[in-house]
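2 protein chains.
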Amino acid sequence: MRTDMCGELSAGDVGRRVAVCGWVARRREHGEHLAFVDLRDRTGVVQCVVDGAADLRSEFVVRVVGTVRHRPEGTTNDNLATGEIEVGDCEVEVLSSAEPPPFPVDERIDTDETIRLRHRYVDLRRERMQRNLRLRATVNSAIRGAMEEQDFVEIETPMLIASTPEGARDFVVPARLKPGSFYALPQSPQLFKQLCMVGGVDRYYQIARCLRDEDLRADRQFEFMQLDAEASFVGQEEVLEFIGRAVSAAVEAVTGEPVGEIPRMTWHDAMERYGSDKPDVRFGMELVELTPVFSATEFNAFKAPCVKGIRVPGGAEMTRNQLDALTETAKRYGAKGLVWMKVGEGRELTSPVAKFLSAEELAGIASELDAESGDLLLLVADQRPAVRHVLGLLRLALGRPPVNEGGLRFLWVVDFPLFEAIDESGSPVPAHHPFTMPHADDMALLDRTGEDLLAVRSQSYDLVVNGWELGSGSVRIHRGDVQTRIFELLGIGEDEARAKFGFLLEAFRYGAPPHAGFAFGIDRLVAILAGEENIREVIAFPKTQSGGDPLTNAPTPIDPAQLAELGLRVLPPPS
Amino acid sequence: MRTDMCGELSAGDVGRRVAVCGWVARRREHGEHLAFVDLRDRTGVVQCVVDGAADLRSEFVVRVVGTVRHRPEGTTNDNLATGEIEVGDCEVEVLSSAEPPPFPVDERIDTDETIRLRHRYVDLRRERMQRNLRLRATVNSAIRGAMEEQDFVEIETPMLIASTPEGARDFVVPARLKPGSFYALPQSPQLFKQLCMVGGVDRYYQIARCLRDEDLRADRQFEFMQLDAEASFVGQEEVLEFIGRAVSAAVEAVTGEPVGEIPRMTWHDAMERYGSDKPDVRFGMELVELTPVFSATEFNAFKAPCVKGIRVPGGAEMTRNQLDALTETAKRYGAKGLVWMKVGEGRELTSPVAKFLSAEELAGIASELDAESGDLLLLVADQRPAVRHVLGLLRLALGRPPVNEGGLRFLWVVDFPLFEAIDESGSPVPAHHPFTMPHADDMALLDRTGEDLLAVRSQSYDLVVNGWELGSGSVRIHRGDVQTRIFELLGIGEDEARAKFGFLLEAFRYGAPPHAGFAFGIDRLVAILAGEENIREVIAFPKTQSGGDPLTNAPTPIDPAQLAELGLRVLPPPS
Numbered sequence: 001m002r003t004d005m006c007g008e009l010s011a012g013d014v015g016r017r018v019a020v021c022g023w024v025a026r027r028r029e030h031g032e033h034l035a036f037v038d039l040r041d042r043t044g045v046v047q048c049v050v051d052g053a054a055d056l057r058s059e060f061v062v063r064v065v066g067t068v069r070h071r072p073e074g075t076t077n078d079n080l081a082t083g084e085i086e087v088g089d090c091e092v093e094v095l096s097s098a099e100p101p102p103f104p105v106d107e108r109i110d111t112d113e114t115i116r117l118r119h120r121y122v123d124l125r126r127e128r129m130q131r132n133l134r135l136r137a138t139v140n141s142a143i144r145g146a147m148e149e150q151d152f153v154e155i156e157t158p159m160l161i162a163s164t165p166e167g168a169r170d171f172v173v174p175a176r177l178k179p180g181s182f183y184a185l186p187q188s189p190q191l192f193k194q195l196c197m198v199g200g201v202d203r204y205y206q207i208a209r210c211l212r213d214e215d216l217r218a219d220r221q222f223e224f225m226q227l228d229a230e231a232s233f234v235g236q237e238e239v240l241e242f243i244g245r246a247v248s249a250a251v252e253a254v255t256g257e258p259v260g261e262i263p264r265m266t267w268h269d270a271m272e273r274y275g276s277d278k279p280d281v282r283f284g285m286e287l288v289e290l291t292p293v294f295s296a297t298e299f300n301a302f303k304a305p306c307v308k309g310i311r312v313p314g315g316a317e318m319t320r321n322q323l324d325a326l327t328e329t330a331k332r333y334g335a336k337g338l339v340w341m342k343v344g345e346g347r348e349l350t351s352p353v354a355k356f357l358s359a360e361e362l363a364g365i366a367s368e369l370d371a372e373s374g375d376l377l378l379l380v381a382d383q384r385p386a387v388r389h390v391l392g393l394l395r396l397a398l399g400r401p402p403v404n405e406g407g408l409r410f411l412w413v414v415d416f417p418l419f420e421a422i423d424e425s426g427s428p429v430p431a432h433h434p435f436t437m438p439h440a441d442d443m444a445l446l447d448r449t450g451e452d453l454l455a456v457r458s459q460s461y462d463l464v465v466n467g468w469e470l471g472s473g474s475v476r477i478h479r480g481d482v483q484t485r486i487f488e489l490l491g492i493g494e495d496e497a498r499a500k501f502g503f504l505l506e507a508f509r510y511g512a513p514p515h516a517g518f519a520f521g522i523d524r525l526v527a528i529l530a531g532e533e534n535i536r537e538v539i540a541f542p543k544t545q546s547g548g549d550p551l552t553n554a555p556t557p558i559d560p561a562q563l564a565e566l567g568l569r570v571l572p573p574p575s
Numbered sequence: 001m002r003t004d005m006c007g008e009l010s011a012g013d014v015g016r017r018v019a020v021c022g023w024v025a026r027r028r029e030h031g032e033h034l035a036f037v038d039l040r041d042r043t044g045v046v047q048c049v050v051d052g053a054a055d056l057r058s059e060f061v062v063r064v065v066g067t068v069r070h071r072p073e074g075t076t077n078d079n080l081a082t083g084e085i086e087v088g089d090c091e092v093e094v095l096s097s098a099e100p101p102p103f104p105v106d107e108r109i110d111t112d113e114t115i116r117l118r119h120r121y122v123d124l125r126r127e128r129m130q131r132n133l134r135l136r137a138t139v140n141s142a143i144r145g146a147m148e149e150q151d152f153v154e155i156e157t158p159m160l161i162a163s164t165p166e167g168a169r170d171f172v173v174p175a176r177l178k179p180g181s182f183y184a185l186p187q188s189p190q191l192f193k194q195l196c197m198v199g200g201v202d203r204y205y206q207i208a209r210c211l212r213d214e215d216l217r218a219d220r221q222f223e224f225m226q227l228d229a230e231a232s233f234v235g236q237e238e239v240l241e242f243i244g245r246a247v248s249a250a251v252e253a254v255t256g257e258p259v260g261e262i263p264r265m266t267w268h269d270a271m272e273r274y275g276s277d278k279p280d281v282r283f284g285m286e287l288v289e290l291t292p293v294f295s296a297t298e299f300n301a302f303k304a305p306c307v308k309g310i311r312v313p314g315g316a317e318m319t320r321n322q323l324d325a326l327t328e329t330a331k332r333y334g335a336k337g338l339v340w341m342k343v344g345e346g347r348e349l350t351s352p353v354a355k356f357l358s359a360e361e362l363a364g365i366a367s368e369l370d371a372e373s374g375d376l377l378l379l380v381a382d383q384r385p386a387v388r389h390v391l392g393l394l395r396l397a398l399g400r401p402p403v404n405e406g407g408l409r410f411l412w413v414v415d416f417p418l419f420e421a422i423d424e425s426g427s428p429v430p431a432h433h434p435f436t437m438p439h440a441d442d443m444a445l446l447d448r449t450g451e452d453l454l455a456v457r458s459q460s461y462d463l464v465v466n467g468w469e470l471g472s473g474s475v476r477i478h479r480g481d482v483q484t485r486i487f488e489l490l491g492i493g494e495d496e497a498r499a500k501f502g503f504l505l506e507a508f509r510y511g512a513p514p515h516a517g518f519a520f521g522i523d524r525l526v527a528i529l530a531g532e533e534n535i536r537e538v539i540a541f542p543k544t545q546s547g548g549d550p551l552t553n554a555p556t557p558i559d560p561a562q563l564a565e566l567g568l569r570v571l572p573p574p575s
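Those protein sequence lines, which keep their order, are chains A and B.
Position 556 of the first sequence, counting from 1, maps to 556 under my numbering, and the rest follow consecutively.
Position 487 of the second sequence, counting from 1, maps to 487 under my numbering, and the rest follow consecutively.
If you are wondering where the hints come from, they were derived from the structure by calculation, not from laboratory data.
Each residue gets a CB set at the ideal place from its N, CA and C atoms; glycine is no exception.
Don't take every hint at face value.
Said to hold, decoys possible - Under the rule of at most 25 Å between Cα atoms (straight-line distance), these lysine to aspartate or glutamate pairs were calculated in the DMTMM-like manner:
{"no.": "1", "chain 1": "B", "residue 1": "K500", "chain 2": "A", "residue 2": "E99"}
{"no.": "2", "chain 1": "A", "residue 1": "K178", "chain 2": "B", "residue 2": "D559"}
{"no.": "3", "chain 1": "B", "residue 1": "K178", "chain 2": "A", "residue 2": "E565"}
{"no.": "4", "chain 1": "B", "residue 1": "K178", "chain 2": "A", "residue 2": "D559"}
{"no.": "5", "chain 1": "B", "residue 1": "K178", "chain 2": "A", "residue 2": "E214"}
{"no.": "6", "chain 1": "A", "residue 1": "K178", "chain 2": "B", "residue 2": "D112"}
{"no.": "7", "chain 1": "B", "residue 1": "K336", "chain 2": "B", "residue 2": "E286"}
{"no.": "8", "chain 1": "A", "residue 1": "K278", "chain 2": "A", "residue 2": "D219"}
{"no.": "9", "chain 1": "B", "residue 1": "K178", "chain 2": "A", "residue 2": "D215"}
{"no.": "10", "chain 1": "A", "residue 1": "K178", "chain 2": "B", "residue 2": "D215"}
Said to hold, decoys possible - One side only, chain A facing chain B, incomplete, derived with CB under 8 Å:
{"no.": "11", "residue": "M1"}
{"no.": "12", "residue": "S96"}
{"no.": "13", "residue": "P101"}
{"no.": "14", "residue": "L133"}
{"no.": "15", "residue": "A137"}
{"no.": "16", "residue": "I161"}
{"no.": "17", "residue": "S163"}
{"no.": "18", "residue": "A175"}
{"no.": "19", "residue": "F222"}
{"no.": "20", "residue": "R509"}
{"no.": "21", "residue": "P514"}
{"no.": "22", "residue": "A540"}
{"no.": "23", "residue": "N553"}
{"no.": "24", "residue": "P555"}
{"no.": "25", "residue": "G567"}
{"no.": "26", "residue": "V570"}
I would like the entire structure built from these sequences, with the hints used as guidance.
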């Protein structure tokens, strides 16, 4: 039906009789009978000079047989890959006619997202979507290649699984053969991959479909894809190496450049320096420790357990209104207040609170923050976690580059705390799932109680890029004695443990190897590589934020007979 | 933690100090202190000579550091890849202890399937399961490679889709954000892949998870994987080429031998010669046309529209009881009766009905069927479809080799009829989905009515191997006028068409390219390549035939609060 793809014709094809197929992208009259018809397929556009094209309209699907020739001098188009040539002497066959498209396929024209999704089959013809979908396929392929090279075996875990009481909300699927019972759709293959390790699979991977019934936003869909991996007889070092290679392969396949060694940062450093466990290190504006500067301060607001500051280069130009707005923002983030200081031409600090501070303190601020003339300094004093949190968010709000700027800055954040807090009853709250192995050096700390337990680090690690948490993993507990101690600490009794994790705990009794794993989200990685802020731009058929699909109208009511077969009744809406 | 894999050590490693990890497969005492410990990982087993191994029990997970040495003369084991060597001078570290396994991991010992699935993590340690899972991964990888080489782009279509009234029963998923509404899980990505074609994707593929809520059996699970593909501006020839290459790549990756050109057979020939649209051509016993032999018969039973026979080589040895049982079997298949004839030493035919047949008829039977002394001949007379059906099944029952014998005989069955029957109202019943393109040569036949419509062939094709339908595909209708005519013929009114296929039909209005596609089941292909009769043997975590998972206990009741959130109530079981 065709000999060539539209976008691949070039001066080297001049003189050839070719057949190309595609959609009419544009038609411009050229004299009385002739028209220029731009024909588009997935590779690009080629100009065809057609006689009697009056009935060729936008988005008609046609087959053109013609001869490639140079464009007349002065009419070449440098912006187009095929801009040197055109197809002349054309015979045109209309394969399908088309109604006028609901929006122009030309992507320079902005279209409301709901309309785009409603007619996704038109939207997909846009170069941006074609490029994003191909990029996604390239990433998948590179990741699989890297995992297979490292001897990981792809194993498909089930979609219809048992509902678990942990984590986010499960999607459930009524079981017709056992009315009143339900399968759950997997939030991740976590339990199955650990079972694979007990089953001697040694190295497992899967690009797995995961589903969570959580409210949607720009970076979250009900369904998402993750590279899921687990390996036996390895620890954290090996996992970081495995996953690093997969990510590097994906990035190299898209950009041509491998990632190289991914730097590491402890969770503690990340929190202290960036106020975030997923620091965006594309830019500086690090959080600077100022607590010692105020060890003997007279200024009440700075008599706090922690004072930190950030330096906003050139920020001294902000108006009073802007600074007031910034203060409001800081308060929304949870700050009690925000102290700002402008750095003058002689590096002197101007601030409403300057008069409450000693000369040494002012000099200390300027020196610790490396203040330069024209900067704005922002200081927060409070409990340490609150200071980090507020300044971390202010830093992002003031300095974060757009998604497609500043390159790709991957980072391993390691040594996460095992417990993220101590609850009112004095029990620690786990930061990850309760099978996360404590840090080998911190085993003795498990005998402590209360706040002291927060010092216990875990063997867990996150992969971060440009301020996004791409994924996380951990070394798992495979030893019964350690698991028992962790359950004790978490206040999980034997019955509860059996109810929640019964089959995994049982499996572990039959010979569990040491194992560790990781999972990272493909949608987010692809979005960053594509320079897209919104993951919906890298998903062929996404849901809207209300969970619907404007194209197919899903979700819909179903047949009463099918409901009855499932042993279910729909309740009337609450009045 | 380890330097080597157990099964990869060989005489070349003699003298090396190695570290290996794995499960204790066997322990045999060897003198007072020493024991032979067979250590198993996914690559195989190695013998370790351990001092003081009294506390090493079956399935303990251990790390052994030792020195590779030749086994003493006369103690080598040719049945074992590592049989020339052993690991001596061992230090052993127990990584995990283990309770006695619920069944021996040694696969020579048969274990009930439910017990195996209940403890799948032990079952997976068996060499057979390890091999099958790796084979499956190899097949997936080879298929993806072949599709990508042919410029197909992997696109992930959604799991949460709109329920469709067509085909098998959907699994449904209650929508929390729209109580009373449901998503469906995809039975296949059919509609989405056609939308991709309208969207200019040009060549789409996916190894897709599909789900059907149908009763289970040995070759069917609720969930299955299929290679799903679709291409634009191509016809049947190209699709057969694309898919043939993918299948060949998979087979070559496993067996080392490519499939070569896959032969084709028309649906009509398959039915006439094998009585099946998925003929197992690993063996002969073809159906032979005998109708002309009896054109003037006096024997009432053979005064039928169709008489066919098969020849069972060596079948004359069957006893009367066996023949009676065979007749019963034929009747269960729907036959009015079964005529059997034994071929004697002088090629004379012995049969209870011989006396009703003329000498010419007897000679005609022997000659048409190429009867040889010692054969059994089986004849059925009836309407043509019934004759083909019964003899096709008898042929399989009497001649079909086991799954792992007779090689791989792939076959394209082409030119399927467009309609599989005419219903009582005179309307044709579609053999495939209603977007299947009629055969180009048969377009004029669409104007016929009634039984005459059965002559219309479609541009659809099945891939068959060893009597299994691996998959099927078709050229789709992309022209509105043809689609309208097909809907008319099927008695599908405009409203019904809109309700059932609305969004696809709408998409087609905006410029649909000619397109064609295919899908084939990976589970069945892997099972055949693994020599397994039952697809559960090539699935890591399958469901039992009642749809349950003995390991995780799925499906289960869910929390009443979650049900309420979904706006659902479970009905009491019917009394």
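We went through each hint and held it up to the structure:
In summary, the hint linking K500 (chain B) to E99 (chain A) is supported, as the alpha carbons are separated by about 21 Å, within the 25 Å threshold. At most 25 Å may separate the alpha-carbon atoms for a hinted pair to count; K178 (chain A) and D559 (chain B) meet this at roughly 16 Å. The straight-line distance between the Cα atoms of K178 (chain B) and E565 (chain A) is roughly 21 Å, inside the 25 Å bound, and the hint therefore holds. A distance of roughly 16 Å separates the Cα atoms of K178 (chain B) and D559 (chain A); the hinted pair therefore holds under the 25 Å criterion.
Between K178 (chain B) and E214 (chain A) the alpha-carbon distance is near 13 Å, which keeps this suggested pair within the 25 Å criterion. This hinted pair checks out: K178 (chain A) and D112 (chain B) have alpha carbons roughly 23 Å apart, not beyond 25 Å. Among the hinted pairs, K336 (chain B) with E286 (chain B) is consistent with the structure: their alpha-carbon atoms are about 21 Å apart, no more than 25 Å. For the hint pairing K278 (chain A) with D219 (chain A), the CA-to-CA distance comes to about 15 Å; that is within 25 Å, so the pair holds.
For the hint linking K178 (chain B) to D215 (chain A), the alpha-carbon distance of about 12 Å falls within 25 Å, and the restraint holds. With a CA separation close to 12 Å, the supplied pair K178 (chain A) and D215 (chain B) stays within the 25 Å bound. At about 5 Å, the closest approach between the beta carbon of M1 (chain A) and any beta carbon in chain B falls short of 8 Å, and the interface hint on this residue holds. Using the Cβ-Cβ criterion of 8 Å, the hint placing S96 (chain A) at the interface with chain B is satisfied: the shortest such distance is roughly 5 Å.
Taking 8 Å as the C-beta contact cut-off toward chain B, the hint placing P101 (chain A) at the interface holds, the least distance being around 6 Å. Annotation: interface hint on L133 (chain A) holds; nearest CB of chain B at approximately 6 Å, less than 8 Å. Contact between A137 (chain A) and chain B, as hinted, is supported at the beta carbon level, the nearest pair being about 4 Å apart and thus within 8 Å. About 6 Å separates the beta-carbon of I161 (chain A) from the nearest beta-carbon of chain B, less than 8 Å, and the hint is met.
A least Cβ separation of about 5 Å between S163 (chain A) and chain B falls short of the 8 Å threshold, and the interface hint therefore holds. The interface hint given for A175 (chain A) holds, since its Cβ lies 4 Å from the closest Cβ of chain B, which is under the 8 Å cut-off. Look at F222 (chain A): its Cβ gets to within about 6 Å of chain B, closer than 8 Å, so that hint holds up. At a threshold of 8 Å, the smallest CB-CB gap from R509 (chain A) to chain B is about 5 Å, leaving the interface hint in force.
For P514 (chain A), the shortest C-beta to C-beta distance to chain B is roughly 6 Å, which falls under 8 Å, so the interface hint holds. Look at A540 (chain A): its Cβ gets to within about 5 Å of chain B, closer than 8 Å, so that hint holds up. Look at N553 (chain A): its Cβ gets to within about 6 Å of chain B, closer than 8 Å, so that hint holds up. Contact between P555 (chain A) and chain B, as hinted, is supported at the beta carbon level, the nearest pair being about 4 Å apart and thus within 8 Å.
Interface hint at G567 (chain A): satisfied, since its Cβ lies 5 Å from the closest Cβ of chain B, which is below the 8 Å cut-off. The restraint placing V570 (chain A) at the interface with chain B holds, with a minimum CB-CB distance near 4 Å, inside the 8 Å limit.
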